[in-house]
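Input sequences plus hints: build the corresponding full structure.
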Amino acid sequence: MTLFGYRLPAMSSLLLWALVWEIVGRLDLTFFVPPLSEVLVTLTAVIGTAPFLKALSETAQAFAAGVSAAVLIGIPVGILMGKSRLIDELLLPWVNMFLSAPLTALVPVLMVLFGFGMKSIIITTTLFAIWIIILNARAGVLQINRSLVEMARSYGANPFQAFYKIYFWAALPEILGGVRIGVIRAVKGVIIGQLLISIVGFGALFELYANNFLMAHFWAVLIVLFALAFSVSEILAYLERRVSYYAASR
Amino acid sequence: MVMPQIKEADVPDMPPQSDNAVVARGISKTYGSVEALRDLSLEFPRGQLTSLLGPSGCGKTTLLKIIAGLLKPNSGEIEVNGKPVKGPGPDRAFVFQDFALMPWANVLRNVAFGLELRGVATSEREAIAEKYIAEVGLAGFEKSYPHQLSGGMRQRVGLARALSVDADVLLMDEPFSAVDEQTRRKFQEDLLNLVQNENKTFIFVTHSIEEAVYVSDQIAILLPRPSRVSEIIRPTDLRHKNVDNIRRDPEYLDIVDSIWASLRSYVE
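Protein chains in written order, with the numbering used here: chain A, 23 to 272; chain B, 31 to 298.
Bear in mind the hints are in silico, worked out from the structure with no lab data behind them. Just so you know, not all the hints are guaranteed correct.
[Stated by the list, open to error] With a cut-off of at most 30 Å between alpha-carbon atoms, the simulated DSSO-like pairs for lysine-lysine come out as follows:
no. : chain 1 : residue 1 : chain 2 : residue 2
1   : B       : 116       : A       : 105
2   : B       : 271       : A       : 187
3   : A       : 187       : B       : 230
4   : A       : 187       : B       : 116
5   : B       : 230       : B       : 116
6   : B       : 95        : A       : 187
7   : B       : 116       : B       : 173
8   : A       : 187       : B       : 161
[As the list claims (entries may be wrong)] For the chain B half of the interface with chain A, some residues (derived, Cβ under 8 Å), not all of them:
no. : residue
9   : 98
10  : 118
11  : 124
12  : 126
13  : 130
14  : 132
15  : 138
16  : 144
17  : 147
18  : 148
19  : 282
20  : 290
Where a beta carbon is used, it is the ideal one built from N, C-alpha and C, also for glycine.
Here is the structure:
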């Protein structure tokens, strides 16, 4: 966007919203919204403390484990569904159901099954991420150029070679798109899991701040989470652009 | 003046059995209730180029894919070098109408892909690929990606891939139909040189009468619904002519005319 002939850098509108936040905070309308400057000062103070770092590392671990499981299971399952009519018929209704299901309602069940710890949070994260990854990998395989598959067969590819030399790469643009959306959903999953279980990670931290009306702390942690989720999504979008050059020419 | 020598499929002076690289015997193929091929038998002499020519929907690509082992016939048998075909094999290489290049791989890897699947070591297969890339006139494009090449250059990559696996039989499915007219003419000339120099058997599917007569040692005309070989034409004198003179040779013109005469009633 240009304003008065000057080209504005990307996301410069955020400055305006930051200003609005600061003014609303200064007006002292509600304890719920402290001024942004106060939040930022709290942020720098909080960010090095032991509870914050502990919460961050616990969250990162649960997130990494949950996303890895979703990717490592989701992509092969999606590819198999795209390749095999039988597997597709068996699994597709479930995948569609879970994709649109309110998974938050499942978290208490998971807690009963897997305990009040990391295991439940990791499984929650995986459940949030995996379905869209499966569906996108499946869609990617379904649009593969048939003659690429015939090419691999005619030059002697066994089914395993066809899988990782052709199907995976031909579906890669869609797969990465699915992983990006899956990862964004996983951020929700890991936080919702922690909030409901609320004795580990940021969940415990939120619980602590909210119960003690430490709103500046609360917002500071929230800003960190938003920034992390946004960065992860942008990194994946960058990877997606790097393979999209061949998406149109398959 | 040599008259065009048009013969029926069962004329006695066909090449002897042992000289056929590929033999199709009694091939039938149905898709659901549609009969694509019925009891089709055809012999493909070694070291020569045989065209499968016919109107669209006559099953020529189906026959080619059956020979490739990509499709199973409902009955009948294909023999390559005397051995029955069970599936795809290293004795045959396929050139695809839409090139079938991997868009995520550069020219070098695409050409070497057949060797890669066979487990040939990287340095060895890249040396072989480079040789054939140069042979099809793409030297300097080894690191290019398919989307950076023109249609004609992409098909040269497809051809180099087929040559690099050193198969006895090259199966070409309307390989020049997706490239422009001038490129196609150049391809046809190059193909004639290839047939002369490579000592391979070529099976060439086309819907262009002129193309078939120009490049072929033997033309099998297929008629549709269900497909069978209606006649086999062997141009006698064209092979020894200079590539520049073939298109105004009386034999060439006569064969083109007679094929059109037998096909025209099948064109809607």
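May I ask you to test the interface hint for residue 98(B) with respect to chain A, counting a Cβ-Cβ separation under 8 Å as satisfied? holds (5 Å)
Was the hint right that residue 282(B) lines chain A, CB cutoff 8 Å? violated (32 Å)
Status of the hint placing residue 124(B) at chain A (closest C-beta pair under 8 Å): holds (4 Å)
Does residue 144(B) pass the interface hint, meaning its C-beta sits closer than 8 Å to a C-beta of chain A? Because about 4 Å separates residue 144(B) from the closest Cβ in chain A, which is inside the 8 Å limit, the hint holds.
Please check whether residue 147(B) passes as an interface residue: C-beta within 8 Å of a C-beta belonging to chain A. holds (5 Å)
Interface hint check: residue 126(B), Cβ to nearest Cβ on chain A, cutoff 8 Å. Holds or violated? It holds, given that the least Cβ distance between residue 126(B) and chain A is near 5 Å, below 8 Å.
Holds or violated: is there a CB of chain A closer than 8 Å to the CB of residue 132(B)? holds (7 Å)
Given the hint that residue 187(A) pairs with residue 230(B), test it: the Cα-Cα distance must not exceed 30 Å. holds (29 Å)
Against chain A, run the beta carbon of residue 138(B) and see if the smallest gap drops under 8 Å. violated (15 Å)
Run the distance test for residue 116(B) versus residue 105(A): straight-line Cα separation, threshold 30 Å. Between residue 116(B) and residue 105(A) the Cα gap is close to 22 Å, so the pair holds against 30 Å.
Closest C-beta approach of residue 290(B) to chain A relative to 8 Å, hint status: The hint is violated - residue 290(B) has no Cβ within 8 Å of chain A, the shortest such distance being about 30 Å.
Would you mind confirming whether the straight-line C-alpha gap from residue 271(B) to residue 187(A) stays at or under 30 Å? violated (45 Å)
Figure legend: structure checked against the earlier numbered hints; hints not met, in rising order: 2, 7, 15, 19 and 20.
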